[in-house]
Amino acid sequence: QSALTQPRSVSGSLGQSVTMSCAGTSSDVGAYNFVSWYQQHPGRGPKLIIYDVSKRPSGVPDRFSGSKSGSTASLTISGLQAEDEADYFCCSYAGRYTVIFGGGTKMSVL
Amino acid sequence: EVQLVESGGGLVRPGGSLRLSCAASGFTFSGHSMSWVRQAPGKGLEWVATITPSSAYLYYADSLQGRFTISRDNARNSLFLQMNSLSDEDTAVYYCARFTIRGETEFDYWGQGTLVTVSS
Numbered sequence: 001q002s003a004l005t006q007p008r009s010v011s012g013s014l015g016q017s018v019t020m021s022c023a024g025t026s027s028d029v030g031a032y033n034f035v036s037w038y039q040q041h042p043g044r045g046p047k048l049i050i051y052d053v054s055k056r057p058s059g060v061p062d063r064f065s066g067s068k069s070g071s072t073a074s075l076t077i078s079g080l081q082a083e084d085e086a087d088y089f090c091c092s093y094a095g096r097y098t099v100i101f102g103g104g105t106k107m108s109v110l
Numbered sequence: 001e002v003q004l005v006e007s008g009g010g011l012v013r014p015g016g017s018l019r020l021s022c023a024a025s026g027f028t029f030s031g032h033s034m035s036w037v038r039q040a041p042g043k044g045l046e047w048v049a050t051i052t053p054s055s056a057y058l059y060y061a062d063s064l065q066g067r068f069t070i071s072r073d074n075a076r077n078s079l080f081l082q083m084n085s086l087s088d089e090d091t092a093v094y095y096c097a098r099f100t101i102r103g104e105t106e107f108d109y110w111g112q113g114t115l116v117t118v119s120s
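Those protein sequence lines, which keep their order, are chains A and B.
Everything in the first sequence is counted per the numbering used here, starting at 1 for the first residue and increasing by one.
Everything in the second sequence is counted per the numbering used here, starting at 1 for the first residue and increasing by one.
Read the hints as simulated data drawn from the structure, not as lab findings.
Hints may contain errors.
Taking lysine to aspartate or glutamate pairs in the DMTMM-like style, the calculated list, with each CA pair at most 20 Å apart, reads [said to hold, decoys possible]:
id, chain 1, residue 1, chain 2, residue 2
1, A, Lys47, B, Glu89
2, A, Lys47, A, Glu85
3, B, Lys43, A, Glu85
Residues on chain B that point at chain A, a partial pick, calculated with CB under 8 Å [said to hold, decoys possible]:
id, residue
4, Leu45
5, Phe80
6, Glu106
Since the structure is predicted, the reported quantities are computational estimates derived from the model, not experimental observations.
We put the beta carbon where it would ideally sit given N, CA and C, even for glycine.
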């Protein structure tokens, strides 16, 4: 099973919005509404920021939003802040109690 | 406060074995499925294995070819990963991760990771 496909990098200026994609297949992203996104700062463990495609855990700013169309999910960060500079990973349930991750996107704040 | 603390990583020679541990605290460990997820240097995350709350079901990534075994001890709030026949492709930071109470769809807490280096 191949990893979900994410762009290697995206960037945006402070206050702007950026959107990053996560392309899967009809066996994972396209089959289930169980897409999650994780933020990872250098040397730290990942942090859940989106689950069920578009839901935010308590404490995650509403600047983070998620969506899905077909087999591609997207994460949008609005009003970019310096602390948003991090790696972002998407993840999808893939059936039979397995999950699959994307290769990650490095988000840079200009 | 939920805490997951991994240990047991280190340098091991190709073909060797290693056992990782994850000490959980701050929540009812026996109520959650748990997983190991790894991250090779400069690479993305890779799901390794999942164990359900009572250890009734174990699931593994196909790529492991039966070399790894996940287990848990609910009395000691601990998760384990026994890794055998290690190769340089297994070099990675290994994270212990907790599934939400809903089931095996997303991870709500992660540890800081333990580094496993396979090298001669």
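Which of the listed hints are broken here?
The structure conflicts with hints 1, 5, although it agrees with all the remaining ones.
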